[in-house]
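Chains as they are written, first to last, in my numbering: chain A, 1 to 225; chain B, 1001 to 1211.
Incorrect hints may have been included.
[To be verified] Here are the simulated distance ranges between beta carbons: (1) 1066(B) / 214(A): 53 to 59 Å; (2) 115(A) / 1121(B): 31 to 37 Å; (3) 16(A) / 1140(B): 56 to 62 Å.
[As the list claims (entries may be wrong)] Pairs of lysine to aspartate or glutamate residues, derived as EDC-like cross-links and limited to a Cα-Cα distance of at most 16 Å, are as follows: (4) 172(A) / 1160(B); (5) 69(A) / 1174(B); (6) 1127(B) / 1096(B); (7) 170(A) / 1174(B); (8) 1164(B) / 1087(B).
Just so you know, these hints were derived from the structure itself, not from any lab.
Where is the CB? At the ideal position from N, CA and C, for every residue including glycine.
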Amino acid sequence: MTSEIEIYKEKVQTFDLSGKLLGMQDRSEFYNEIRKEYKKTGKVTRQVRTIRLFLMNADGGIYLTKRSKLKKENTLLYDKTIGGHLRGTETPEFTVLREAAEELGFPAAALDESEFATSLESIDLRIVGIFKEIDTLNGFIAKYKYKDDKWSKFPQITTLFIGVFDGPVKFKDGETSGVEIYYPDEILDELKKNPKRYTEDVKILIPKYIDEFTKIVKQIKKYKK
Amino acid sequence: MSKEILEIYNLKGKFIKNQERKAFYDEIKKEFSKTGKITKQIKRFTCLLMNSKGRIYLQKRSKFKKENSGLHDKTVGGHVSKGDTFDMTMIRECAEELGFPASILSKEEFDKSISKTHLNIVALFKKIDYITNFKSTRVTKNNRKFIQPYINTPYIGYYDGAIKFVDGESSGIEVFSLKELEDDIKKYPEKFTEDIKWMIKKYRKYLKPIK
């Protein structure tokens, strides 16, 4: 039985490559269409909105999750903490909070730069997580590797968040088969040394925003003293 | 941090003395480099945690650890301090190291409760063995092996809820089905501690989904 809510869940807004809203569409229907388009023309001219979250604990360790072998794409690779699609007319802030609650099992707040900094001190991070928006990239190319070594590449409008949470985190069996923690001062070396262990997302986004990670580690350390 | 005092036993299980943890380790390391064996032991627990589907949580030891660094190991393990019990130590370490509440039940109670408990909320464990002379092979950072005897109580348990990581102890968790784990141990034996390899072999009959 499919409820109204579940039907709504599967709807996504679609955009052209300049970021102009085209309309609302069923998510799997959208993916079928752009796959066809890619096969025919070698490119994709429409995109959807997504979020990506890198979560850190209060020691400044970044959680990377290992994609389970049941996943068709990026199987067994270490990936960002979570990612997800904006459903319906959701905002990126809401999506990231919803995904954190659904996928990782904890409540969080999305804050602006100054609130984020002061909340590191004032909030009990074992109970509530805090997230900060880092950037929104139009036309970010999401790359997925398949088991037969084929790739698919889709443009997305993606909003990147970094979060801090220090309580227990749940990871979904079937989706994730492991979690590892890396510190910002060691991860660039590790990505260079073992590039095959990581998804393209991790290899692109962590080096690109490494200063943001380092800054948060410094902020955490300052307030811990 | 207060000093950790351990009860030291001889290989027959007779109590010898109380000693501070670091002093004990310095002493047995000296003994090992001199004589090639260790004649004193301490109490510890080991535990294998599964989710209700029988998938096993292995801890990846932090690379900051002096021994077995970076290897996949049992879910949790730890020393029993002076005056403490195996059960209480195990419950405390689950809470401290992995952030979840655990309860240890007798075999009868465990079998009765396991299918009726919300394993998202609390982990249930049972004791599966008691070994008076467990030989734990450990590898130091400069690749030297030494064999440390323990009075060891192993547990198995089930839990479906959230887990947290404590800095410096573990650098991650990986989940395996028994078959995946046995295949991986065969293929990449160097990635696993000797303890976990031994435990999987010996206790495989306990490593199954909840019916």
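Results for each hint:
1. Taking 53 to 59 Å as the suggested C-beta distance range, the pair residue 1066(B) and residue 214(A) does not conform, at roughly 28 Å.
2. The hint said 31 to 37 Å for the Cβ distance between residue 115(A) and residue 1121(B), and at roughly 32 Å that hint holds.
3. For the pair residue 16(A) and residue 1140(B), the beta carbons lie near 59 Å from each other, so the given range of 56 to 62 Å is met.
4. The hinted pair formed by residue 172(A) and residue 1160(B) meets the criterion: a straight-line CA distance of about 9 Å does not exceed 16 Å.
5. Under the criterion of a C-alpha separation no larger than 16 Å, the hint pairing residue 69(A) with residue 1174(B) is consistent with the structure, at around 12 Å.
6. About 20 Å separates the Cα atoms of residue 1127(B) and residue 1096(B), which puts this hinted pair outside 16 Å; it is violated.
7. Distance restraint check for residue 170(A) and residue 1174(B): the Cα-Cα separation of roughly 13 Å lies within the 16 Å cut-off, and the hinted pair is therefore satisfied.
8. Straight-line distance between C-alpha atoms of residue 1164(B) and residue 1087(B) comes to about 21 Å, which puts the hinted pair past the 16 Å bound.
Comparing the model with each numbered hint stated earlier shows that hints 1, 6 and 8 do not hold.
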